[in-house]
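Chemist: The residues making up each chain are set out below.
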Amino acid sequence: MNDFYYVLSRYLPMFLEGMKTTATVSVFGFLLAFGIGLAGAAARQSNSRIAAAIAGVYVEVIRNTPMLLQIFIIYFGLPSIGLKFSNYQAAIIALGISGGGYLIEIFRSGFAAIPRGQREAANTLGLSPADTYFSVLLPQAMRIVYPPTVGQFLQMVLGSSLLSVIGLTEITGQAQLISEETFMSMPTFIIALLAYLILTNVISLCATVAGRFLFKPPLHIVQGRMNGPRIFPRRAKG
Amino acid sequence: MTRNLIDFAKLAVAGMALCVAVVSSPAQSQESSSDILKKVLERGTVRVGECMGLAPFAVYNASNEPEGYDIDIANELGTGLGVKVEIVNVDPAARIPSLETGKVDVVFCDTTRTLDRLKRVSFTDTYDVTGTVIMSAKDTPVNSLAELEGKSVAIVKGTPYGDLVKKAAPTAEVISFNSPADIVTAVKQGQATAAIENSAFLNYAAKLDPSFHVTSDSVIELYYNSFAIPQGQPNWLAFLNEFIFELNTSGKNAALYKKWFGVEPPFPLNPKF
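For the protein sequence lines, the chains are Y and H, in the order given.
At position 72 of the first sequence (counting the first as 1) the number is 72 in our numbering, and the numbers step up by one without a gap.
At position 104 of the second sequence (counting the first as 1) the number is 104 in our numbering, and the numbers step up by one without a gap.
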């Protein structure tokens with residue numbers, strides 16, 4: 001237990017720095033993934049067969065290859081064709097590209113869940129395709145995909161631990177450095193674990209609260225014990 | 001909302017309880033209370049921790065068999081003990097945890113003795129002496145530690161080179177990688193201007209790829225490398241020291257060095273102060 005306090009008291013700034021890095025690359029990676037997800041989902045559903053095929057291949061390649069190798073290729077491989085990124089940039093790109101593959105499928109399922117009648121009604125009312133997308137389909141799809149999207153974001157926060165292999169000093173990277181300096185690996189990695197736990201729970205909580213204000217009627221997410229986030233119907237007051 | 005908070009609190013309490021249980025468990029003292037030498041002889045196998053990928057100390061050959069300078073010495077040790085040798089691949093950074101948790105009986109990995117490390121593990125006598133060199137691309141050569149100022153330097157996690165670079169060149173950016181092969185790739189692909197590691201490894205890498213430039217041996221003081229074992233193992237330590245003594249006096253060590261590095265050992269095993 002003494003080791004635990006020793007590591008915590010002496011290396012707290014390093015852990016906080018690591019949490020900051022983890023949070024930063026996760027947020028920027030997620031923004032990139034979100035853009036890729038929206039564009040990809042639109043492409044998969046578009047009338048253009050080429051666009052749909054490209055998005056389909058992207059999803060299959062990204063979801064069926066290990067993220068660790070994707071990170072290696074982006075950081076160590078791409079300089080061979082003149083694309084050189086710092087480890088920070090490579091981290092964000094790797095998280096974005098990988099998360100994007102999953103978000104495309106999440107968004108596609110969200111759009112697919114909207115009844116056909118909605119699109120037909122919009123057509124009948126004479127809405128342009130852009131208006132149909134942004135005013136009718138997107139708001140409804142966002143409501144459906146919100147919980148799995150938050151889940152994907154949390155997966156990206158945890159997945160960012162892989163980025164320590166390209167020398168990024170996020171939580172796991174810092175923990176490795178600290179455990180080498182002190183040789184107190186057990187307390188160090190437990191503190192790192194708690195750092196992730198704090199980060200993900202704060203995000204979950206914020207997402208739950210945000211869900212109430214972002215959507216009308218308010219979205220109630222209950223963290224299921226087995227099945228991940230779920231939408232629960234609002235309970236009747238009584 | 002309240003339910004959420006209660007759930008979270010429960011989770012947090014459970015997490016803390018787990019931590020306390022794990023950290024205060026006496027697993028370490030149980031492990032070191034039994035004699036490793038006796039256990040190895042009873043088991044009929046010695047588990048040697050090797051950092052696979054540190055060419056030419058320990059690598060996998062084309063048929064996926066471990067080979068190298070360290071591996072040959074591990075096999076000599078097996079012969080000396082009269083037991084089979086099991087090579088366990090460990091990350092450089094996982095060397096000391098592997099010993100503490102009893103995953104291996106001894107770690108080779110060309111491990112440098114330092115006072116800090118001696119607080120957690122025991123070291124045998126020296127079996128290998130290495131200098132330290134800096135490797136860079138031929139187009140942008142680096143010739144001394146001071147020249148690293150303002151440049152990016154790749155090191156392997158768990159090595160003492162990070163502190164060293166920061167002392168000699170405070171504005172240098174140190175990037176820590178998990179494996180020795182990664183620092184070579186980092187320089188090759190321009191992700192780092194230079195890499196710093198032991199001379200045997202980097203000279204070997206530069207021999208394979210002539211686009212690298214390596215400084216003369218050695219840019220800092222010499223490192224005296226030993227086997228690392230868990231603390232509190234007098235019999236095991238005595239056995240390994242005698243093994244290294246005979247390895248050196250019989251000339252076998254020098255012969256193996258010549259076989260793998262192509263040159264006679266450049267530095268004497270006993271330091272001149």
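It is worth saying that the hints were derived from the structure and are not from the lab.
Among the hints, a few may not be true.
Derived contacts from chain Y toward chain H, CB cut-off under 8 Å, selection only [unchecked claim]:
hint	residue
1	P13
2	F15
3	E17
4	Y75
5	P79
6	S80
7	N87
8	Y88
9	Q89
10	V165
11	L177
12	S185
13	K216
30 Å max Cα-Cα, derived DSBU-like pairs, lysine-lysine [unchecked claim]:
hint	chain 1	residue 1	chain 2	residue 2
14	H	K272	H	K119
15	H	K84	H	K252
16	H	K151	H	K119
17	H	K167	Y	K84
18	Y	K84	H	K259
19	H	K166	Y	K84
20	H	K207	H	K138
21	H	K151	H	K167
22	H	K151	Y	K20
23	H	K151	H	K38
24	H	K103	H	K188
25	H	K84	H	K151
26	H	K138	Y	K84
27	H	K272	H	K258
28	H	K252	Y	K84
29	H	K258	H	K39
30	H	K138	H	K166
31	Y	K20	H	K166
32	H	K167	Y	K20
33	H	K259	H	K84
34	H	K103	H	K84
35	H	K138	H	K84
36	H	K151	Y	K84
37	H	K151	H	K207
38	H	K258	H	K207
39	H	K39	H	K84
40	H	K252	H	K103
All residues carry an ideal CB built from backbone N, CA and C; glycine is no exception.
Chemist: Determine for every hint whether it applies to the structure shown.
Modeler: Comparing the hints with the structure gives:
{"no.": "1", "hint": "P13", "result": "violated (16 Å)"}
{"no.": "2", "hint": "F15", "result": "violated (14 Å)"}
{"no.": "3", "hint": "E17", "result": "violated (14 Å)"}
{"no.": "4", "hint": "Y75", "result": "holds (7 Å)"}
{"no.": "5", "hint": "P79", "result": "holds (4 Å)"}
{"no.": "6", "hint": "S80", "result": "holds (7 Å)"}
{"no.": "7", "hint": "N87", "result": "holds (7 Å)"}
{"no.": "8", "hint": "Y88", "result": "violated (11 Å)"}
{"no.": "9", "hint": "Q89", "result": "violated (11 Å)"}
{"no.": "10", "hint": "V165", "result": "holds (5 Å)"}
{"no.": "11", "hint": "L177", "result": "holds (6 Å)"}
{"no.": "12", "hint": "S185", "result": "holds (4 Å)"}
{"no.": "13", "hint": "K216", "result": "violated (19 Å)"}
{"no.": "14", "hint": "K272(H) x K119(H)", "result": "holds (25 Å)"}
{"no.": "15", "hint": "K84(H) x K252(H)", "result": "holds (20 Å)"}
{"no.": "16", "hint": "K151(H) x K119(H)", "result": "violated (33 Å)"}
{"no.": "17", "hint": "K167(H) x K84(Y)", "result": "holds (28 Å)"}
{"no.": "18", "hint": "K84(Y) x K259(H)", "result": "violated (39 Å)"}
{"no.": "19", "hint": "K166(H) x K84(Y)", "result": "holds (25 Å)"}
{"no.": "20", "hint": "K207(H) x K138(H)", "result": "holds (13 Å)"}
{"no.": "21", "hint": "K151(H) x K167(H)", "result": "holds (14 Å)"}
{"no.": "22", "hint": "K151(H) x K20(Y)", "result": "holds (24 Å)"}
{"no.": "23", "hint": "K151(H) x K38(H)", "result": "violated (50 Å)"}
{"no.": "24", "hint": "K103(H) x K188(H)", "result": "violated (34 Å)"}
{"no.": "25", "hint": "K84(H) x K151(H)", "result": "violated (47 Å)"}
{"no.": "26", "hint": "K138(H) x K84(Y)", "result": "holds (19 Å)"}
{"no.": "27", "hint": "K272(H) x K258(H)", "result": "holds (23 Å)"}
{"no.": "28", "hint": "K252(H) x K84(Y)", "result": "violated (46 Å)"}
{"no.": "29", "hint": "K258(H) x K39(H)", "result": "violated (34 Å)"}
{"no.": "30", "hint": "K138(H) x K166(H)", "result": "holds (23 Å)"}
{"no.": "31", "hint": "K20(Y) x K166(H)", "result": "holds (23 Å)"}
{"no.": "32", "hint": "K167(H) x K20(Y)", "result": "holds (26 Å)"}
{"no.": "33", "hint": "K259(H) x K84(H)", "result": "holds (23 Å)"}
{"no.": "34", "hint": "K103(H) x K84(H)", "result": "holds (16 Å)"}
{"no.": "35", "hint": "K138(H) x K84(H)", "result": "violated (44 Å)"}
{"no.": "36", "hint": "K151(H) x K84(Y)", "result": "holds (16 Å)"}
{"no.": "37", "hint": "K151(H) x K207(H)", "result": "holds (24 Å)"}
{"no.": "38", "hint": "K258(H) x K207(H)", "result": "holds (15 Å)"}
{"no.": "39", "hint": "K39(H) x K84(H)", "result": "holds (13 Å)"}
{"no.": "40", "hint": "K252(H) x K103(H)", "result": "holds (28 Å)"}
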